[in-house]
Amino acid sequence: MNMRFASLRSFTLAALTAATMLAGTGTSFAQDAHATPKPPRESWTFAGPFGHFDRAQVQRGFQVFREVCSSCHAAHLFAFRNLAQKGGPEFSEAQAKTVAESFKVQDGPNDAGDMFERPGRLSDRWPSPFPNEQAARASNGGAYPPDFSVLAKARTYEVGFPGFLFDIVRQYQEQGPDYIHALLNGYKDPPEGFKVPEGGHYNEFFPGHSIKMPPPLSADQVTYTDGSPQTVEQYSRDVAAFMMWLAEPHLEERKRIGFMSMIFLIVFAGLLYFTKKKIWRNVEH
Amino acid sequence: MSGHATFEPKNPALKWFESRLPLVGLIHSSFIAYPTPRNLNYWWTFGGILSLMLVCQILSGVVLVMHYTPHVTLAFDSVEHIMRDVSYGWLIRYIHANGASMFFIAVYIHMFRGLYYGSYKAPREVLWILGVIIYLLMMATGFMGYVLPWGQMSFWGATVITNLFSAFPVVGPTIVEWLWGGFAVDNPTLNRFFSLHYLLPFMIAGVVVLHIWALHIAGQNNPTGVEPKTPKDTVPFTPYATIKDAFGMVCFLIFFAWFVFYIPNYLGHADNYIPANPLVTPAHIVPEWYYLPFYAMLRSVPDKLGGVLTMFSAIIVLFFVPWLDTSKVRSAAYRPLYRQFFWIWVAACIGLGWLGSKPAEGGYVIAGRVLTVYYFVHFLIILPLLGLFEKPKQVPASITEAVLAKGKTAASPATTA
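Protein chains in written order, with my numbering: chain A, 1 to 285; chain B, 1001 to 1417.
To be clear, the hints were calculated from the coordinates, so they are not data collected in a lab. A virtual CB, placed ideally from N, CA and C, is assigned to each residue, including glycine.
Derived pair list, reagent style EDC-like, types lysine to aspartate or glutamate, alpha-carbon separation capped at 16 Å: (1) Lys212(A) / Glu198(A); (2) Lys1232(B) / Glu284(A); (3) Lys188(A) / Glu233(A); (4) Lys86(A) / Glu253(A); (5) Lys212(A) / Asp189(A); (6) Lys1232(B) / Glu1401(B); (7) Lys38(A) / Asp167(A); (8) Lys255(A) / Asp54(A); (9) Lys86(A) / Asp1085(B); (10) Lys1406(B) / Glu284(A); (11) Lys104(A) / Glu117(A); (12) Lys1408(B) / Glu284(A).
Label-pair restraints from in silico Cβ distances: (13) Leu271(A) / Leu1074(B): 43 to 49 Å; (14) Met262(A) / Thr1069(B): 31 to 37 Å; (15) Gly208(A) / Leu1210(B): 50 to 56 Å; (16) Glu253(A) / His1216(B): 40 to 46 Å; (17) Gln230(A) / Leu1074(B): 37 to 43 Å; (18) Gly208(A) / Phe1031(B): 54 to 60 Å; (19) Arg41(A) / Tyr1042(B): 33 to 39 Å.
Please model the entire structure based on the sequences and the hints provided.
The structure is reproduced here in structure tokens:
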């Protein structure tokens, strides 16, 4: 505990210094951190005012997650029942049940006070691949594979001026999936002179360019049953869509209610405007 | 308060009640008969919009508290529980999170309007000061609210801001430990911030009552800055101001809904979807957008205590604006020089806001220093001197005269609806 307080304090101090100290005489703007290219903006079915998830795509993305990502990445907020929920992959309840039952889940204690294992139920959460963070780090070269639950909303990149203002009008909220898609396709040979640290992999879109995760996807790694191309490009696109749904499971409902609210508010504003005109018609103002 | 009509109940039951507690009469004189200048433009609807936002934040907040758990190990997931499992929880939370930003957008417009039209001048000094107090309370409430989801920005924002108090000599470290409830930002900090985040909005509501009371004593300012002189200069609050405010509010709600339904995470920071981790510092610790101008000032001063004092002074100076502005003329519409300086100052504030979101290095720091100095020069030098040297335009004799003159020539700027 003492150790924790000590390190907390020194980090606190570091943050404080960083936040309040001046760069003083430095004249150059940061170069290293800004050298990461912006992820290209992809076209997503869930973008825009009428955005919705492509069921087949989210189902394929789930398959990629299940067969590839979930061997290292947890998703502790992801419940099996979500698979059958409206607005997502929309598997049938029977299918979701089958997925749940393919896992052994620890439950208990029972009447004898013992923990026991049983097949998963719809109400269970997706079992994590590692029992704790330390175990996850130990198996992944010291890096902690981030939890997928809200990851698609936890990743972004700087849009810059004036683009960030146009994004209000364009309703751009897909930084996360764009970044994830770009990252999964961003593994390259390092440029001349760039030394990738031990255990790292060069990635164009990862801040600092050295990522511990080895290229996770390769062509024909996951067998699609619907005839979609079995390429890294397609896998990454599908899994990014799945992650967006996982992070924002009520996205469709939100945009649908949003449209209805907008219509209501605009009509209401119109009525109020003409009422106001009528009330004020004899008063110059 | 003199109104266009006074409230005389006909109903015997109401008569009985009114003679014991004149509540309906108070509402009638405050929101129905209350005389408002006939020339108010749409910038004056933001008072009503702010009241609406306060109610909206309190109602959505009360519902959120029913599902939120203020504990470092549970807070993040309880917010996600609201987003995923609570019926329309996503809607309530997005309304509350974006509502805070909308509240600040409205308050900034409201304050800029007051500064443009000289609404802080006698006899409205107390009204203005109460407004600055509300603004301060809003800043504290917004800050503590941002800490509650216990994401990375929550934690590190709380760390940076609470650490500011350590800059004060002697008592600084003690104050910080007292704020934290320990030796670092941890569960006790979260618990007290949660408690205060629930308390402060009701204090805001209390000061809002005083603010409206003071408003109804002095009466509203108006775009000409000339006080109403005859009953012809005013119209009763209902239906005239009521319908105009209602229209303004619904237009504002359209803007609000755009954010809630289509870009709900635009105003937040992605890092706050990463659970708080005391061992990992984010690359850039950025406060919410509405603190950015002050954050830029804080970082413009090479000394920690100096930075903190500069930042607080930037708000404190607002309390003295009624006395720093020496001009006899209220409205910028009749102050050609002040009008220009006002917009330069607005541009400086926006510039500081942009700089606050940038890393504190190189050219950004130099620009930040220039704008910080200008911010204070505006209040401490330009405002007092302008009143002495500026030649104001001819102020109309009355509101009615101004309105009729405009109706005839239609030449004056489009400040009216």
